[in-house]
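Chain S is already provided as a structure; the job is to place chain Z on it using the hints.
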Amino acid sequence: MDILPILAPLAMWIRHSGLHEFMAASPAAFTAAETLHFMGLTVLFGALLVIDLRGMGFYKRLSLVEVHKLVPFAIGAFIVNLITGIMFIFSNPYAYFGNIAFGIKCVLIVLAGINALVFEFAVFRPLHAGKPGIDGGAVVKISSALSLLFWAGVLIGGRLIPYA
Amino acid sequence: MFEWLQSTGLATWINISPWAYPTFLTAHGLGMAVVVGLTAMIALRIIGFPAKAPLGAYRGLLPLLLAAFAVNAVSGALLFVSDAVALAANVSFQIKMASVALGLAVLWLIDRKVLAPAAAAEAAAKVGDTAPAFTPPGSAKAMGVAAILIWWLSVIVSGRLVAYLSPGA
Chain S
1085 MDILPILAPL AMWIRHSGLH EFMAASPAAF TAAETLHFMG LTVLFGALLV IDLRGMGFYK
1145 RLSLVEVHKL VPFAIGAFIV NLITGIMFIF SNPYAYFGNI AFGIKCVLIV LAGINALVFE
1205 FAVFRPLHAG KPGIDGGAVV KISSALSLLF WAGVLIGGRL IPYA
Chain Z
7 MFEWLQSTGL ATWINISPWA YPTFLTAHGL GMAVVVGLTA MIALRIIGFP AKAPLGAYRG
67 LLPLLLAAFA VNAVSGALLF VSDAVALAAN VSFQIKMASV ALGLAVLWLI DRKVLAPAAA
127 AEAAAKVGDT APAFTPPGSA KAMGVAAILI WWLSVIVSGR LVAYLSPGA
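Chains as they are written, first to last, in our numbering: chain S, 1085 to 1248; chain Z, 7 to 175.
Bound-form chain S, shown alone (with noise of 0.2 Å):
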């Protein structure tokens, strides 16, 4: 797959960044960054996993709301893993800009940000106000499945990248 035309001038100024010279000349950086990607991974994946299998109702006799409280956990595993994936962008734009495991892994992102604002707006704070039958109700339920689905999606895809 080519690389999409709309991205080609964003390609030509990374590969003329100061961040592009680092990424390309430190194999140890790309090491470093990609070790933290998986520690970034697994933080936001295990608080997602809590909220999302309760928000799908196992694990009742944690309260909604307690679980919630892991969200920052997730958010700020996912700022590191976007800092690490763009040095990743900046070592080689070519290479990512015409994947196509790495196209449907952003695609996925976008989905999961979307589901995870759906959860907070119609799930969460409804819930928060004290509306305790939102619990257990479908939109919750669905929201919570296509987050873990999105989400797998996103590794599977990221795992992917070289062989695609």
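Hints listed in this document are in silico derivations from the structure and should not be mistaken for laboratory results.
Only a predicted model underlies this, so the values are computations on that prediction, with no experimental measurement involved.
A few of these clues could be false.
[Unchecked claim] On the chain S side, residues computed to face chain Z include the following (Cβ under 8 Å):
1) T1119
2) T1126
3) V1127
4) F1129
5) I1163
[As the list claims (entries may be wrong)] Using 30 Å as the maximum straight-line C-alpha spacing, the simulated DSS-like pairs for lysine-lysine come out as follows:
6) S:K1144 to Z:K147
7) Z:K58 to S:K1225
8) Z:K132 to Z:K147
The beta-carbon is built from N, C-alpha and C at its ideal position, and this holds for glycine as well.
Only chain Z this time, still in chain S's reference frame:
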């Protein structure tokens, strides 16, 4: 023995098939996310966050954690067979295997000393009890920190570096 493993039909298939190696690697990545992620959440709760979530309820995460570990034991064994000679001699791989063994021991200890007693105490507690159903032993937080250091730091860092220290790579 490692030469023999690497010469088996299984190893040849993993190395020749265009999809076998990426598939096992992807399964290993998903399993890692579940094993290390849930370990981190259990450890975090033992350390004290989120404080009001009943500790014993976290015991329910263990079957999922162990199932994911089984996925990674199988996928890891298949990845190992495909490159057995180099991996067996790889220092980072050796550190990873020792860390996994130690990590399993710590998880077993956490279940025995913290999660199982907490679940039993919570099940026996009566409605209206004001005292907490279960007070973790003083060593519980140390076990939580150890679990995070072993699984999240040692296993992941050494596992990632296997790819870079392999003599054949």
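Here is how each hint holds up against the structure:
1. T1119: With a minimum Cβ separation of about 5 Å from chain Z (threshold 8 Å), the hint on T1119 of chain S holds.
2. T1126: With a minimum Cβ separation of about 4 Å from chain Z (threshold 8 Å), the hint on T1126 of chain S holds.
3. V1127: 6 Å, holds
4. F1129: 4 Å, holds
5. I1163: With a closest approach of 17 Å, the I1163 of chain S hint is violated.
6. S:K1144 to Z:K147: Holds - the C-alpha atoms of K147 of chain Z and K1144 of chain S are around 25 Å apart, at most 30 Å.
7. Z:K58 to S:K1225: With Cα atoms ~23 Å apart, K58 of chain Z and K1225 of chain S stay inside 30 Å; holds.
8. Z:K132 to Z:K147: 26 Å, holds
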